[in-house]
Structures are given as structure tokens and as C-alpha cells.
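Student: Residue numbers (this note's numbering), protein chains in the order written: chain A, 1 to 194; chain B, 1 to 471.
Source of the hints: derived by calculation from the structure; they are not laboratory data. Watch out, some of these pointers could steer you wrong.
Unchecked claim - Below 27 Å or equal to it, Euclidean Cα-Cα: the simulated DSS-like pairs (lysine-lysine) are:
| hint | chain 1 | residue 1 | chain 2 | residue 2 |
| --- | --- | --- | --- | --- |
| 1 | B | K50 | B | K78 |
| 2 | B | K171 | B | K10 |
| 3 | B | K169 | B | K10 |
| 4 | A | K149 | A | K6 |
| 5 | B | K321 | A | K55 |
| 6 | A | K55 | B | K317 |
Said to hold, decoys possible - Calculated Cβ distances over 10 Å to all of chain B for the following chain A residues:
| hint | residue |
| --- | --- |
| 7 | A27 |
| 8 | L60 |
| 9 | N76 |
Where is the CB? At the ideal position from N, CA and C, for every residue including glycine.
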Amino acid sequence: MQAITKLTGPILVLEQENIDTDQIIPARFLTATDFDGIGDHLFADWRLDANGEPKPGHVLNEPRARRSPILVGGHNFGCGSSREHAPHALLGFGFRVVISSQIADIFRNNSQNVGLLPVVLEADQHAALMQMDGEEITVDLEQCNVVVKTADGVEHCWPFSIDPFARHCLMRGLDRFEFLNRAEDAIVAFEENR
Amino acid sequence: MSAAESLFDKLWNSHLVQAQSESTPAIIYIDLHLVHEVTSPQGFDLLREKGIGVRRPERTLATLDHSTPTLPPDANGKRPYYTEQAHRQVQTLRDNCKEYGIELHDWDSPYRGIVHVMGPEMGATQPGMTIVCGDSHTSTHGAFGALAFGIGTTEVGHVLAKQCLLQSKPKSMRINVNGRLPENVTAKDLALNIIRYLGMNGGTGFVIEYAGEAVRSLDMEGRMTLCNLTIEAGARAGMIAPDETTINYLRGRPKAPQGEDFEQAASCWLQLASDEGAVFDNEMTLEASIMRPSITYGTDPGMSLDIGEPVPRAVSKSHEKALQYMGFQGGQQMNERNVDVVFIGSCTNGRLSDLRAAANVLSGRRVAEHVRMLVVPGSESVRRQAESEGLHEIFSTAGAEWRLPGCSMCLAMNGDLVAAGETAVSTSNRNFEGRQGSGSRTLLASPETAAASAVMGRVAGVADLQSLENS
């Protein structure tokens with residue numbers, strides 16, 4: 001898992017609210033037994049036609065899409081199924097951070113487990129960001145803030161909160177399993193005392 | 001005396017291996033880990049990578065459901081898998097279960113079924129348990145007073161390896177549903193009403209306990225339907241306190257305790273109900289008697305209306321996009337919409353009572369000429385019982401296809417598809433864009449409504465069917 005501390009880059013905005021995991025990665029791409037190449041199927045039904053060719057005019061098919069490390073989505077991002085294929089597909093496509101005003105529980109957990117940073121901003125900040133498609137912003141996990149310079153030259157610094165353990169692991173690229181593994185004595189004791 | 005605890009508090013506290021701290025999540029013990037072919041392969045890879053085994057194979061139960069064909073094998077015994085990759089995925093689970101000593105309900109098992117149908121049927125799902133599965137509809141098992149929720153594949157690996165999960169404690173919500181549901185209003189309608197009220201994200205961050213007379217009056221299959229759909233309001237887990245209905249359902253099931261052990265367990269289970277004075281982060285009360293048979297019109301399960309109401313006018317860009325996708329105009333009557341496909345099945349509504357309800361509507365009637373109707377039992381047990389009651393003949397006579405158990409058209413990854421532009425009335429759980437196939441349009445409803453729509457060939461409730469026939 002690649003560590004993530006501070007990331008600067010252009011944002012890509014998907015205005016739609018309630019972007020569910022079936023949109024992020026449709027079920028027909030879930031039959032593989034690994035996650036290799038799954039990024040090619042990201043948002044397949046939005047982005048690709050029936051023959052798998054890119055639909056002209058879709059923002060995700062613009063050359064900049066693969067160069068934008070930060071995806072900003074509408075409210076309630078990642079709702080629906082528990083498929084971890086969703087954050088893997090986003091990572092595979094090139095995103096490292098997803099920003100919304102609400103992120104679904106299972107998707108958020110899955111993202112943190114695989115190294116995709118989920119960021120939840122206040123509604124008005126999120127709304128402002130939704131109007132800044134293509135602008136460069138900085139997401140700083142160390143400081144837990146998003147820094148944005150608006151067109152009129154004003155710099156905004158918007159704080160976000162994140163589970164401290166998730167932050168710790170994401171910043172160091174740590175596998176959470178090791179924490180669980182170190183609790184072996186407690187697990188044995190629990191099993192013996194039942 | 002200790003502080004009053006909710007059902008959720010009791011389950012959380014009794015499974016704490018290590019408490020949550022300011023900088024680390026809690027470690028909770030998992031009593032039952034359900035496994036299927038789609039979200040497990042990379043979880044087993046974690047074991048190989050770490051060179052370890054499955055910690056508690058006896059607490060792990062596997063089935064084939066998501067990518068399995070629902071048509072029978074050919075003359076040579078070859079099953080019609082949608083893709084070779086789907087077949088390989090099934091074989092991978094078979095290999096993993098063999099290697100790690102996990103009980104798998106394969107094609108030859110009399111119990112094989114959708115993971116959330118099979119677990120309860122076998123009595124593997126029990127009150128007071130923590131239950132996880134790499135599937136968001138694991139919330140189903142909360143109907144028994146278990147803490148049950150969906151997890152991702154990394155966590156599947158964690159549970160296989162350590163039988164534990166890292167979790168931060170969610171907030172709690174209690175939804176009281178007072179009064180009785182009117183006749184013809186089902187658990188599915190109740191759930192759609194609740195999701196409409198909460199919105200598809202109103203439960204995010206919460207575990208929901210359902211209470212009140214209308215909930216208590218549901219049988220176990222109805223309770224499972226209600227808890228199943230909890231995730232569609234954004235809450236990972238829904239739960240209902242165990243009572244005599246729960247105990248009577250479980251008595252005699254193969255994996256439940258037997259004899260005196262069962263009676264002892266049952267008396268413990270009855271202690272799990274939320275204490276009087278238990279505190280919830282959010283609590284609300286709804287009235288059952290005003291609820292009506294419902295159907296969705298949009299692209300999330302919160303976008304539903306009472307059958308007979310017009311489609312609402314768009315109030316936002318997203319709403320407008322949903323209506324456009326579905327081919328609806330604000331103000332339009334739903335019953336003008338032709339139906340192409342009807343699907344009865346899934347972990348939401350693929351149980352025996354669901355099939356009986358659909359058969360009851362179809363008996364002596366015919367599916368409209370232009371409608372393709374699939375009936376897919378949730379498990380081999382459901383199939384067996386339905387066939388012993390002759391339900392399959394009612395479906396076949398009416399013109400519906402009677403299939404083999406599996407998830408089938410609910411998520412359409414096994415080749416059971418709704419074509420682009422087609423409208424399906426479906427008893428499943430998600431009406432997302434393309435959920436039942438690229439470009440498919442899904443209307444979620446109860447088995448009764450789905451069957452009535454199949455007969456009428458357009459969106460209809462049972463009452464519409466009856467009033468037409470009586471006129």
C-alpha cells in the first residue's frame with residue numbers, strides 16, 4: 001500500500017449525487033480472482049459504449065482524467081454494495097483521494113484498507129469545490145486540511161476530520177492487519193474466556 | 001445496577017476483544033463468517049501471503065450464489081456459466097474451501113443458496129452473534145437479534161486469519177413502527193417506506209434497531225426482508241430483538257443448538273432485547289397503518305411512492321437525471337408504464353413466503369404476452385419446499401420461468417440480464433442505473449406487486465388487478 005501524506009493536483013468533478021458502487025464498477029467485472037487491471041473498467045457504463053469504446057465527451061475520457069489524482073463526487077459517494085473492487089478501480093484508474101460531503105460507511109472502510117484517501121468536507125466547502133473542476137488543490141493528511149486557491153486569488157484552508165488510526169496507517173502505507181496480528185494474546189484470551 | 005443497554009450495546013460489548021482507544025479502533029470477535037465466491041478470493045490470498053491458515057474454519061460457512069447460472073446443466077452435466085472467468089471463480093472458492101477445511105455448500109448440497117437465505121435456514125444465524133460477510137446485505141441476519149454487517153475483501157482476509165475485525169463503534173438509531181400494517185402491505189413495502197423517509201443515506205454511520213408492534217408482528221421472513229434493506233438507507237446493520245417468533249423459527253434447524261441446549265440458549269436470547277431506558281443516538285416513530293404498497297420510480301431505493309401516486313416532479317439535477325434514465329416524466333402515472341421483465345427472487349424476497357405470495361397472485365392467471373418473468377428461489381431448501389407445494393407448476397402454467405437458486409437478476413452477474421431500455425419490476429434490493437444489466441431500468445416492489453404487474457403487463461398493484469377483474 002502506497003503511503004499518502006500530501007498530494008497536490010488538479011481535481012476532477014463528478015456532479016452526480018449518490019454515486020453507488022455499481023456505477024464505480026459494474027457487477028459484471030467482479031468475476032476476476034484478483035484486482036489487476038480493474039481500473040480499466042472504472043465507471044464502465046458511464047464512460048464506455050457497448051463495445052467498450054470511450055464515449056466521446058465524457059469527462060472521464062478527457063486526457064486530464066487519468067492525470068487527476070483527486071476525484072470530487074456529489075453527496076453520499078460510494079453507497080451500495082460492499083465490493084472492494086470499487087476503491088481498487090479508482091486507484092487503478094489513477095485516483096488517490098476521493099472528496100465528498102458524505103461517504104458511505106463500507107466504501108470508506110474499504111478505501112482506507114486499500115490506500116485510497118476518503119475526505120469528507122462540510123457541505124458549503126464541498127459545494128464550492130464542486131464548482132472548481134480542473135483546479136489544482138492540495139490535500140494534506142498530515143495537517144488534515146484541503147487547501148484551495150480560488151479564481152480571485154483567495155486561499156482557502158478547509159479542515160477535515162478522519163479516524164486517527166486510518167490516518168496513521170494511510171500516512172505510513174501500513175497494512176492494518178499487522179495491528180490485528182499484534183493482538184493475538186487478547187484474541188486467545190477472549191476465546192478462552194467465552 | 002449497570003446502565004440500561006440497547007441490543008446493539010449488548011452485542012458490541014460482549015464481543016469486544018480489545019476496546020477502542022483514542023488512536024486505535026476496537027477489535028471485535030466474529031462468531032460467524034459467511035463466504036461466497038465473489039468477494040473472497042483476494043481474502044484467501046492474504047492467508048497465503050502471510051503463510052497462515054483459517055483461524056476458525058468451524059465458524060466459517062461458504063456457498064456459491066452470485067455468479068452461478070440458474071439454468072440447469074446440459075446433457076453432459078456442464079453448467080452454463082456466463083463466462084469462463086465466472087466458472088474459474090467458483091472453482092477458486094471450491095479449492096480454497098478444500099485447502100482450508102471450510103464447509104462449502106456446492107451444487108450437490110441440499111442447502112446451497114444465497115448466502116443470506118441459507119445461513120438462517122440452516123440455523124447457523126443465531127441471536128447474539130456477530131456475523132459478517134463480504135456482502136452488504138449481511139444486514140439480513142440482524143432479523144435474529146445478531147449484529148450483522150457487510151465487509152470488504154481486505155476484512156474478509158482479516159476475519160479468515162484472526163476471526164476478528166477492526167471497527168469503530170457506529171452510532172445507534174431506533175425506529176419504532178407503531179400499529180399494524182394494512183392488509184396487502186408487506187415487509188418490503190414497510191422497508192421501502194422507511195427508506196423513503198430516511199433517504200438512501202439517512203442511516204449512514206448508524207446501526208438501526210427496528211421495534212414496535214408492526215415489526216413484532218412480522219414473521220421471520222418478513223423481518224429478514226426489512227433488515228436486508230437497511231443498507232439501502234446507508235446503515236450497515238439493522239436488527240430486531242429476539243422473541244418467541246425468533247425462537248420458534250430456529251428450533252430444530254440443523255445448526256441451531258438441539259434439545260435442552262436449545263432451550264437454555266433460547267432463554268439467553270430473550271435477555272438480549274434493549275433494556276428499558278436504553279439510549280439511542282437517534283430515535284423515531286412511524287405509523288404503520290398509513291403505509292401502502294409501494295414501488296420505486298428512480299435510481300435509488302429511497303425514490304419510491306405509493307402505487308397509484310404520480311411520479312414526483314424533479315427537485316434537483318440528480319433527481320432529474322434519475323427520471324431521465326428511468327424514462328419517467330414528473331407528474332406521470334406509473335401504471336402507464338409497460339413492464340418487460342418481472343423478477344421474483346434475491347436475498348430480499350427469495351424465500352418461501354415470497355414465492356407463495358407471488359404464486360397466490362399468479363394462480364389461475366397468466367403472465368402478459370410481452371412480459372418475461374423469472375422466479376428464482378433463494379436456496380435449494382426454498383426450491384424443494386416450493387416444489388412440494390406445487391408452486392413451480394403455478395409459475396410455469398402462468399408463463400413464468402422456474403429457475404435454480406442464486407442471486408441471479410438482482411445483480412445480473414451470472415448472465416440473467418435485463419436488456420438496455422427494458423423495464424423490470426423486481427423484488428430485489430437495488431434500482432441503481434444498470435444494476436440488472438447496462439441500461440436496464442428497475443422498479444423495486446414486493447412479490448405481490450411484481451406478480452400483479454406481470455399479469456397486467458404494466459405497473460400494477462394487487463388491488464388494481466382485483467378491481468379490473470371485478471369491473
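Student: For a quick check of understanding: which of the numbered hints are violated here, in increasing order?
Tutor: Structure breaks hints 1, 7, 9.
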